[in-house]
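Engineer: Work out the full structure, taking the sequences as your base and the hints as a guide.
Protein chains: 4
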Amino acid sequence: MNKGLKIATIGGGSSYTPELIEGFIKRYDELPVSEIWLVDIEEGQEKLNIVGNLAKRMIAKAGLPIDIHLTLDRAAALKDADFVTTQFRVGLLDARAKDERIPLKYGVLGQETNGPGGLFKGLRTIPVILDICKDMEELCPDAWLINFTNPAGMVTEAVLRYANIDKVVGLCNVPIGMEMAVAELLEVDHSRIRIDFAGLNHMVYGLDVYLDGVSVKDQVIKMVTALDDNSFVKNIHGFGWEPEFLKAINVILCPYHNYYYKSREMFEKVKQEAEAEGTRAEVVQKLEKELFELYKDPNLDIKPLQLEKRGGAYYSDAAVRLISSIYNDKRDIQPVNTRNNGAIASIPDESAVEISCVITKDGPKPIAVGDLPVPVRGLVQQIKSFERVAAEAAVTGDRNLAVLALTINPLVASDTLAKQIVDDMLEAHKKYLPQFFGNFITK
Amino acid sequence: MNKGLKIATIGGGSSYTPELIEGFIKRYDELPVSEIWLVDIEEGQEKLNIVGNLAKRMIAKAGLPIDIHLTLDRAAALKDADFVTTQFRVGLLDARAKDERIPLKYGVLGQETNGPGGLFKGLRTIPVILDICKDMEELCPDAWLINFTNPAGMVTEAVLRYANIDKVVGLCNVPIGMEMAVAELLEVDHSRIRIDFAGLNHMVYGLDVYLDGVSVKDQVIKMVTALDDNSFVKNIHGFGWEPEFLKAINVILCPYHNYYYKSREMFEKVKQEAEAEGTRAEVVQKLEKELFELYKDPNLDIKPLQLEKRGGAYYSDAAVRLISSIYNDKRDIQPVNTRNNGAIASIPDESAVEISCVITKDGPKPIAVGDLPVPVRGLVQQIKSFERVAAEAAVTGDRNLAVLALTINPLVASDTLAKQIVDDMLEAHKKYLPQFFGNFITK
Amino acid sequence: MNKGLKIATIGGGSSYTPELIEGFIKRYDELPVSEIWLVDIEEGQEKLNIVGNLAKRMIAKAGLPIDIHLTLDRAAALKDADFVTTQFRVGLLDARAKDERIPLKYGVLGQETNGPGGLFKGLRTIPVILDICKDMEELCPDAWLINFTNPAGMVTEAVLRYANIDKVVGLCNVPIGMEMAVAELLEVDHSRIRIDFAGLNHMVYGLDVYLDGVSVKDQVIKMVTALDDNSFVKNIHGFGWEPEFLKAINVILCPYHNYYYKSREMFEKVKQEAEAEGTRAEVVQKLEKELFELYKDPNLDIKPLQLEKRGGAYYSDAAVRLISSIYNDKRDIQPVNTRNNGAIASIPDESAVEISCVITKDGPKPIAVGDLPVPVRGLVQQIKSFERVAAEAAVTGDRNLAVLALTINPLVASDTLAKQIVDDMLEAHKKYLPQFFGNFITK
Amino acid sequence: MNKGLKIATIGGGSSYTPELIEGFIKRYDELPVSEIWLVDIEEGQEKLNIVGNLAKRMIAKAGLPIDIHLTLDRAAALKDADFVTTQFRVGLLDARAKDERIPLKYGVLGQETNGPGGLFKGLRTIPVILDICKDMEELCPDAWLINFTNPAGMVTEAVLRYANIDKVVGLCNVPIGMEMAVAELLEVDHSRIRIDFAGLNHMVYGLDVYLDGVSVKDQVIKMVTALDDNSFVKNIHGFGWEPEFLKAINVILCPYHNYYYKSREMFEKVKQEAEAEGTRAEVVQKLEKELFELYKDPNLDIKPLQLEKRGGAYYSDAAVRLISSIYNDKRDIQPVNTRNNGAIASIPDESAVEISCVITKDGPKPIAVGDLPVPVRGLVQQIKSFERVAAEAAVTGDRNLAVLALTINPLVASDTLAKQIVDDMLEAHKKYLPQFFGNFITK
Ligand SMILES: [Mn+2]
Ligand SMILES: [Mn+2]
Ligand SMILES: [Mn+2]
Ligand SMILES: [Mn+2]
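Protein chains in written order, with this note's numbering: chain A, 8 to 450; chain B, 8 to 450; chain C, 8 to 450; chain D, 8 to 450.
Careful: at least some of the hints might be erroneous.
Since the list gives no way to pick out one identical chain from another, each pair is judged satisfied if it fits inside one copy or across any two copies.
To be verified - Okay, derived cross-link-like pairs now, DSS-like style, lysine-lysine, Cα gap no bigger than 30 Å in a straight line:
(1) K278 - K316
(2) K10 - K63
(3) K54 - K86
(4) K337 - K33
(5) K426 - K112
(6) K229 - K174
(7) K105 - K303
(8) K426 - K33
FYI, nobody ran anything at the bench for these hints, they're computed from the structure.
Structural biologist: Okay, here's the thing in structure tokens:
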């Protein structure tokens, strides 16, 4: 190969960037990146500079021939890129804080992905992503879009249905976190664990789990039911599943299932935390401030440990592992958000699912699971309906569809509440939702 | 024909029986019934006698050659029957009162069909129905089982999956009530209205609605959104759907949808009513007492008007209309609960659905609707998952499955609540749930 | 109603027209037709006049207030029509003669619907039908297109996929003929017989058959296997199915199945007939000549008996019955070609199938049959693949697709033969296949 | 690991055995086999001894600690086996010769897998395989059954539907041969080529083909259409596909497609070869004789080169590669016959398909392909229907089903021919088809 790979990272000023840079450094021997373009918008310029300079110091320390570009010019970044990663946040953490606060007023969880918060994050994000896709058609038609921006399921659905590019993968660290948690539980190296994932983003189930290729699902479920906190992943602390429930459902649950199978308890917990220490966005805002102070230190040339508190564990690992498997046609198994293509029965072929795939240079190829287990079908369909109505609302700017999306969302389940929340949040996010106020992003 | 039809009605002592008798009288010219066997259990003997004697007086007044038999001997009633109708209630209204009261303690609606109340009604009813089916295999293998006993969807599912008889139809008055409500709204005779129904029992949607064969869905939705109380059917008073929601979902809703699309409001309403006037079962108990006092009157020889307050409007019409269409191979369209057979995409062929069917002598033939509209798929799948897990719990007596059924039920959505409610209700209904306490009904 | 119905019949100069006129006369009391517009092209003007004048005499004799219009102006005929029927034949019987003759040279049956003959009839017909559909969008957007023109399955598929009108039904007399044949076999009136039809045009199966609503399939199959000629319908004389085969396949076959389940015998028979008396088209050409001589007789004012030899029994009955059921929202069951909509598993929702439907004012609603019986799935899929590739060839003018369509057709099954036949027939029909020679019909 | 693997090979006296032994020797470092049990029946004892002794010499020369056991005691061989491979041939090559000769009399190709020959090979083989499965349930419930015996698709279907073991894989060398052929065509090492396979055994399609992970399908199809003999695989010489056909079908074909897309040409060729040099079975019989003469040579201690003429190239490679990937949980992609599980739309989940799978210790996991391309759906369904009816005929001994299986087979397509062939072949194979003559294998 004569030339290295060009990576464009939209939302490059994010506090996560050092994580990503570390990932590229670690896998440089298998992934010959020559340029990383960190793009951001004007409001993010200061953060972009801070984090970008840290990135440069990290690369320098690693002694690698990778050029870091900091830019506000998205087109320049996209031009001939090989991979485009997205980690931007329309409206920044302020918007997320509203996503969380407003629904609480109505006795409803905000939930940044599959709840009202997720709906509004999707409404803000999808037009921007579709705009990026249009640019990519022209500037880098062969590039892969690796989307980290939440709600990753809804965003991937929107790209599959409303954009003209096929090469898109949605990525989340929840599945890898579940494998890590099982490895920890069994006290084995995580490379020996494999889970058959199927479902949707933040609504993914482990249909089976293997140690060295041999199913250990029964053992894992037995061990988990005996634990105090058996929610598999630390990120969202559950309260322990009832053993009766876990044995009967007989699959590995993801932490986000707490919102649906423990909905009242989660509401109380989130509400108390919001009162005591602020919502998650508010907590993260403080953390970020501290992180950026650290990042400014001209002597810092590695990813600081404090970044881990921010969440997002394994993100860089998941991302760079995926990119490398595509680039190298590794054909290994990874859980990603991709076109269903018949893998899960009763989900349309063209819809996004989160599922174990073989990762090839031609993209992820989902492993067929057939019918989902009877008890999980309903919730998966419900969230898929929510994602589809929400994505349609995002592209049409139809307020009725936004009300419908929330009404059919299991966290709301009331048309009157849905309407009140939609009206309140439309007003709060007005600046970032031009399509609901008569204006559409066009090129 | 040399011989008239034999009808066996299980739960013949029900206060509804005069309704049914009136139906047979009205349609005698097309449905030559010669014997009606009203069967009940020992505890119901007194009521059976009261209502049975009224039935006899009604037939006498009509001057028809129909023999009414009152019996506790189910086998004698089933022997060579042409149609078996079921309207029994295991544990009577006392049990229903518990189904409603206990969940309220946990902040959860009882809901006698698709909620915790429905689960426990199903757990009590399904073993009895399957026992009746076993008898029918032997005593009247060619008879049709017309099931009115709720939860009619779950019961039909159980018969389709766990019994050896094919000839079963589940029946509900909700769809006919929806057609009546539309007729009233448009101020036309109800025979001119037809709705394309699809979904599940008490979770049925009108995909389109026609006046004289021409779609008037847009007009109906428009009119309904302008009403104060736009819930279509009076039985369960709603609060009016939000116009945004109704326009976006763009289907005709059934009154039970209030529990899922207006869940908080319904909970408050039911709770207040329970406090003010008692739960629905408690109200009905009073009504029934009064009804039976009326029924005792030896001069009464028609269905008393007061029965209408009891609910169940159109039941007899729906039931006898169905029986007549089967008997006469009428090939008219009626909404019933039957084997899906591919009519609704993503529901297994062998599952029960509530859907518009052509009614033939060979049974109901569902009209294909293909994919359900995107926004309604989730809830339908969720209730179907609930019904299937519940039916399996009923036949296995597996407490874990009962906990699972409630956890995935949208009215509960918490494994801890589910477990508490299950334990409380198992204890309360112990007498009628032998399968959960080590005893199975066997023959 | 203030105004009667307007019927537009494309190909009005056809010898079948008196059949259709008779149908309208017979059902005038339920179908108040006020105008019938018989349209034809210039080459057909003489025949149009002859048959049109007969039509006028027939109406006059019946004493009905129906105006017959004879015209070459298609737009005038379509303007505000309520029903458009199509019975035209691009290239007339000369073209059909070539469809039959040319394949025989290659040792292949022409078969005017699902064989090479059908492919080329489709290639000639589909562009014209799509052109009519474009006119209808504008001139009579609420009209129903009732298509009789063969290959009716392929043509309906093409309209469903490539036209902008939804209101299309394809019609064939084979299913009604099968019901008539069963009625004759059982010596009962045909109104007492009903068959559950499912499959494709000229590839339709009777999944069950009922006498007065009770299945008599076993009896019918038993009787048929005992007959000498057990092919159900006289039109295409079979040779009798082998009893082993018929018992095992356990469905009612249509006469066209002889081409696929008795392929060699049919080839020999057709070849011998072609040598002895000419191909079917050549025989029909003679018949038609005689018919038109009869039609000229100014004293003839009824449908002459000789028309029956021409084939097409029950066509008028099928057509006018269908139109009346749509107009009157009769909701009776009739077998037609319509959008599958999930009724037959494994056929796309949007593909055309021939299936028992409830006929409503809103069109035919197919009755769900779920999975086809295992042994018939393959052939149905094969013909559907053939129809779809052929329809795509017709709209694109892609010769490779025409070769593919014939190669996958079971009557050809050879790419080399397919290519030779395609080349030979493209040349022969050049005049009517402009799309394969660089010219597309456009408006 | 304390103990090596035990392999049981049913039909161990086959001339292919040295191929298999060579495979185990080559991969010994990743597959620690300690015992290979070659089992045969009494009639095969002499061949078993000859080939078994060669196997022993091969192992000795390789200096590996693998014990070769020769036995007629199947139970002893199966006891605690880790992998069971089947390569037996009920009735030996004499039966195959009849499978080929008898249909030719009727103008029909025998075709040893998906034609009349395949039907009868299946009828002879399936009861034996199901008997082996019953033994395995008891003697080695954790073992994998790796079936090479043809018709591999029908046999795998039968095991999936009628046996109680789940761990079965059907294997064929056609897909690997297609990859090899493409590698040769592109002049690259075969490890760089990957094909997305989907379909059925001997009816498999390459939906896409990759060089180093990048699709080269267009290039390959272009190159192939330019060749004289473009049938991809040498084993069955085709005549070159017509470029029009190949471009339009736009998939990679397998050599067996010649029977369906070039049916007349293949019939003529096979008939001429049969007349000139004998049928394939007769040619192979001679080859085998020569091979066994070679095998007897006590100095021979490697697989003789002449074995390659016998066909079956890559068999050992495919087999041992598969066993190693299961044993080592390699998760690489291999095409095998396995349970569909939703991977190919419109094929039942529980049916066998030949498809690219990820091979894990838990077995093959098929990669979802969704809908097959339109033009190939029909033939795949037709062969699947044939396989299913044939498998049912094999287990029931129902002659009507055998006639039905052949009638719906595209190579026969005539019920009369089907009946004649079935009767003739039932008589010829009477000894090996006890189930059709009133006797069933039972234990
Ligand atoms: Mn995530
Ligand atoms: Mn009801
Ligand atoms: Mn026809
Ligand atoms: Mn093979």
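Engineer: Taking the hints in turn, state whether each one holds.
Structural biologist: Tested hints:
no.: 1; hint: K278 - K316; verdict: within (21 Å within a copy, 44 Å between copies)
no.: 2; hint: K10 - K63; verdict: within (20 Å within a copy, 54 Å between copies)
no.: 3; hint: K54 - K86; verdict: within (23 Å within a copy, 67 Å between copies)
no.: 4; hint: K337 - K33; verdict: both (17 Å within a copy, 24 Å between copies)
no.: 5; hint: K426 - K112; verdict: both (14 Å within a copy, 29 Å between copies)
no.: 6; hint: K229 - K174; verdict: between (40 Å within a copy, 25 Å between copies)
no.: 7; hint: K105 - K303; verdict: within (28 Å within a copy, 65 Å between copies)
no.: 8; hint: K426 - K33; verdict: neither (48 Å within a copy, 48 Å between copies)
Comparing the model with each earlier hint shows a violation of hint 8 alone; every other hint is respected.
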